[in-house]
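Residue numbers (the numbering used here), protein chains in the order written: chain R, 1 to 237; chain F, 1001 to 1235.
Treat the hints as calculated values from the structure; they're not laboratory data. Keep in mind it's a predicted model, so treat the numbers as computed, not measured. Cβ coordinates follow ideal geometry from the N, Cα and C atoms, glycine included. Possibly wrong hints are sitting among the right ones.
[Claimed, not checked] Now the in silico label distances, taken between C-beta atoms and shown as ranges:
#1 F:V1039 / R:L86: 41 to 51 Å
#2 F:V1035 / R:M1: 32 to 42 Å
#3 R:P14 / F:D1109: 45 to 55 Å
#4 F:R1210 / R:F60: 20 to 30 Å
#5 F:L1083 / R:L86: 23 to 33 Å
#6 R:R5 / F:R1210: 53 to 63 Å
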Amino acid sequence: MELLRATAGWLLDPGHWVGPDGIPTRLEQHVVICVVSLLVAAAIALPIGTFIGHTGRGAFAAVNLANIGRAVPSYAVMVMVLPPALSLSPKYGLDVIPIFTAMTLLAIPPILVNTFAGLRQVDPDLVEAGRGMGMRERQLLLRLELPLALPVVLGGVRTAAVQVVATATLGAELGGGGLGRYIVDGIARQEDDRLLAGVFLVAVLALATEAAFALAARVLTSAGVRRTARVELDAAH
Amino acid sequence: MNGKPLIDWAWVGGHLDDIAMRTVQHLQIALIAIVVGFVISFVLSLWAVRYRRAFAPITGVAGVLYTIPSLALFAALVPITRLSLLTAEIPLVLYSLLILIRNIVAGFDAVPSDVVEAADGMGFSRTGRLWRIELPLAIPLIVAGLRLASVSTIGLVTIAALLGDKFGGLGVFITDGLQTFFPTKVYVGAVLSVGLALVVDLTFVLLQRRLTPWSRAQDAPTGREQHGPSGLAGA
Chain R
1 MELLRATAGW LLDPGHWVGP DGIPTRLEQH VVICVVSLLV AAAIALPIGT FIGHTGRGAF
61 AAVNLANIGR AVPSYAVMVM VLPPALSLSP KYGLDVIPIF TAMTLLAIPP ILVNTFAGLR
121 QVDPDLVEAG RGMGMRERQL LLRLELPLAL PVVLGGVRTA AVQVVATATL GAELGGGGLG
181 RYIVDGIARQ EDDRLLAGVF LVAVLALATE AAFALAARVL TSAGVRRTAR VELDAAH
Chain F
1001 MNGKPLIDWA WVGGHLDDIA MRTVQHLQIA LIAIVVGFVI SFVLSLWAVR YRRAFAPITG
1061 VAGVLYTIPS LALFAALVPI TRLSLLTAEI PLVLYSLLIL IRNIVAGFDA VPSDVVEAAD
1121 GMGFSRTGRL WRIELPLAIP LIVAGLRLAS VSTIGLVTIA ALLGDKFGGL GVFITDGLQT
1181 FFPTKVYVGA VLSVGLALVV DLTFVLLQRR LTPWSRAQDA PTGREQHGPS GLAGA
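The task is simple: from the sequences and hints, build the whole structure.
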């Protein structure tokens, strides 16, 4: 109880809201790492997942590769990337490149697997109907398959985003910025209020990310798909 | 780096005992967490299947736990549980809950209602139906959840090493290698940790084949069971 009060006090202290170690700066660093690595991961995983889901080619290899990707701990990726990153760029090698690489690799499997699974679960009868109506492959993909797969695809991006937000704290272990700084410094200096404040801030950011994606999924999913999805859900219970 | 070989095999040869000890420790810590996490998840899932209203709050709480950074949860427990095995196990168990509960519930949901009705017609009691009809049919999705949970648990054990060498398993090599600038240790820890995850994953695949011989005919590698994670993601 006293620890909670101390943590609240730490968070409300105006001194912790300014300067290079202030909450706004650390939050910004954290968000930048997450957004950039998610964008790169999406740029890699979405096209590959779409190609596999649409053609059905290479599915076995991609899904298994994604599975192995899940098995590689982010912490290990970060530490393994460190030596080559340092010799590549002494300036960014320590704090930026390792965490960025690890977060990108963390985000690829959920996006890839969900994009693939989302496209695969599109009713083949609908695709046939689209073909019968004279839609070209490109139109089939862009106007029929992707809109129908969108909720599942966005679900994958959401999982990736929440995992990245929570895991990006590890960057501070190598001297990087972001909200993980409070956690790592809190442990090192044995300041439990700083540590718990860091935990609290990261959890809030992760929950906000989750809520933002839930909202985006609702807005972006076409009304027709949303309606059928609800009917299926009702029928299941 | 600089001209030195990436892996110092002499070190590996000289530390086989140490490597074996850490591998076994890694596996033990992960298995305890998976077993405990599964028992808790199974009970909560049965509750959620029977009382549908409990599902949202249960997965809601498990979801919030899932967003707490692992490094932070390990560290936050130190003042409370000190450097005991509990400090490693509690976060691992908590992280496994969301994946396991979503998959177990999805497994029971996937049992066709015709089958349930047929079982009722044959005179099964509610408990008998659960254990002898619904559970076997739910196994593929339950095992899919166990695979995901164990792969992520084995990865997370490496982070426990940041708290000290008492229970970090192979992660201890990664932390030591980082602190002493000795890449060999880092690679040994990382490669064996990934290898361990893959071996456990494969074991579950084989276990499922043994447990559900009837599904082998439909066992096409379409990645359909990969839907487990999107159950996590899409709901």
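> Which of the listed hints are not met by the structure?
Replying inline: Hint check: nothing fails, all pass.
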